[in-house]
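These protein sequence lines map, in sequence, to chains A and B. Number 43 in the working numbering belongs to position 45 of the first sequence; there are no gaps in the numbering. Count along the second sequence from 1, then add 24; that gives the number in the working numbering.
In case anyone wonders, no lab produced these hints; they're calculated from the structure. Do not take every clue at face value.
[Said to hold, decoys possible] Here are the computed lysine-lysine pairs in the DSS-like style, where the Cα-Cα straight-line distance is at most 30 angstroms:
1) A:Lys58 to B:Lys26
2) B:Lys26 to A:Lys18
3) B:Lys212 to A:Lys39
4) A:Lys58 to B:Lys93
5) A:Lys45 to B:Lys107
6) A:Lys7 to B:Lys28
7) B:Lys130 to A:Lys45
8) A:Lys0 to A:Lys18
9) A:Lys18 to B:Lys93
10) A:Lys45 to B:Lys87
11) A:Lys18 to A:Lys7
12) B:Lys107 to B:Lys26
13) B:Lys136 to A:Lys18
14) A:Lys7 to B:Lys107
15) A:Lys45 to B:Lys93
16) B:Lys28 to B:Lys87
17) A:Lys45 to A:Lys18
18) A:Lys39 to B:Lys149
19) B:Lys26 to A:Lys0
20) B:Lys130 to A:Lys58
21) A:Lys7 to B:Lys87
22) B:Lys28 to A:Lys39
23) B:Lys210 to A:Lys39
24) A:Lys7 to B:Lys26
25) B:Lys107 to A:Lys58
26) B:Lys87 to A:Lys18
27) B:Lys149 to A:Lys7
28) B:Lys107 to A:Lys18
29) B:Lys210 to A:Lys7
30) B:Lys107 to B:Lys28
31) B:Lys26 to A:Lys45
32) B:Lys212 to A:Lys18
33) B:Lys87 to A:Lys39
34) A:Lys45 to A:Lys0
35) B:Lys210 to A:Lys58
36) B:Lys93 to A:Lys7
37) B:Lys28 to A:Lys18
The chain contents come next:
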Amino acid sequence: MKRLAFVDKNRCVSCGACMKVCPMGAISVWRGCYSVVDEQKCVGCGKCANICPAGCIEVKAREVIA
Amino acid sequence: MKTKHWYDYLWLWCIAYFVLGFFNILFAWLGMIDFMVPLLFAIIGGNKAFCNRYCGRSQLLTKIGIDCKCSRNVPTPRFMSSKWFRYGFLAFFMTMFGSMLLQTYKVFSGAKTLSESVKLLWTFKVPWDWAYQAGSTADWVAQFAFGFYSVMLTSAIIGMIMMFLFKPRSWCAFCPMGSMTQIICKLKQHEPIL
Ligand code: SF4
Ligand code: SF4
Ligand code: SF4
Chain A
-1 MKRLAFVDKN RCVSCGACMK VCPMGAISVW RGCYSVVDEQ KCVGCGKCAN
49 ICPAGCIEVK AREVIA
Chain B
25 MKTKHWYDYL WLWCIAYFVL GFFNILFAWL GMIDFMVPLL FAIIGGNKAF
75 CNRYCGRSQL LTKIGIDCKC SRNVPTPRFM SSKWFRYGFL AFFMTMFGSM
125 LLQTYKVFSG AKTLSESVKL LWTFKVPWDW AYQAGSTADW VAQFAFGFYS
175 VMLTSAIIGM IMMFLFKPRS WCAFCPMGSM TQIICKLKQH EPIL
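Full structure from sequences and hints, please.
Okay, structure coming up:
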């Protein structure tokens, strides 16, 4: 998996739309505050970013771990 | 395919609410559930389970927007999910809600007479007299029902417009209920709200 979803937690409105569409169960709203991505589960498909009403998710290349 | 839960059908409740209120305005009082439940989740549970799971309105918007392909599905204008816009809209919404309560009080105290109409977008007065048989309850009870139905219908109309124009759930970006419950949750976790 080369890509990963990143959430701008300051802009997230914690609506949970991302959580509902994620096929991997990789993104969830943390205590009503903002979404967090489980890096182990995310496959970088971008479905969450596509539905997000706040436009606060970006799917980017994973950091290359040396 | 994800398994469906009973709460995935709450969009039916959203439709039922407006239909019931169309025929008998007193059903508008049931909307109190949609006001109290999210707040209770946030205050007691410290979560947004209502938005995340049980909100029928957002389910309906998603259904129409995605399943019926009615949404342009383009990004919500950025300012609409900004803090000043969200909190500003919340303040405006609460002010209008307060003025609705004041109208109810005026009818209760006898300073005003019952107005059998629904006010859309805080501006347009639409006659709604078929939905209420005068004298069937105290006037203030009916006045609150008309006022509350107006609030619900107005926000549903804005939600629909947002759904058509932008993302299916663009309304959620600045929905007062969503903002209010998020603020409560953030305060509980000592997260910055600004
Ligand atoms: S869809 Fe966007 S705004 Fe909503 S919870 Fe997910 S990241 Fe936050
Ligand atoms: S990119 Fe795909 S897998 Fe990753 S969190 Fe978003 S929806 Fe889930
Ligand atoms: S933000 Fe408003 S419309 Fe969206 S899920 Fe929450 S309560 Fe429902």
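TODO: Quick one: which hint numbers does this structure break? Sort them smallest to largest.
DONE: Result: hints 7, 12, 13, 18, 20, 27, 30 break, sorted rising.
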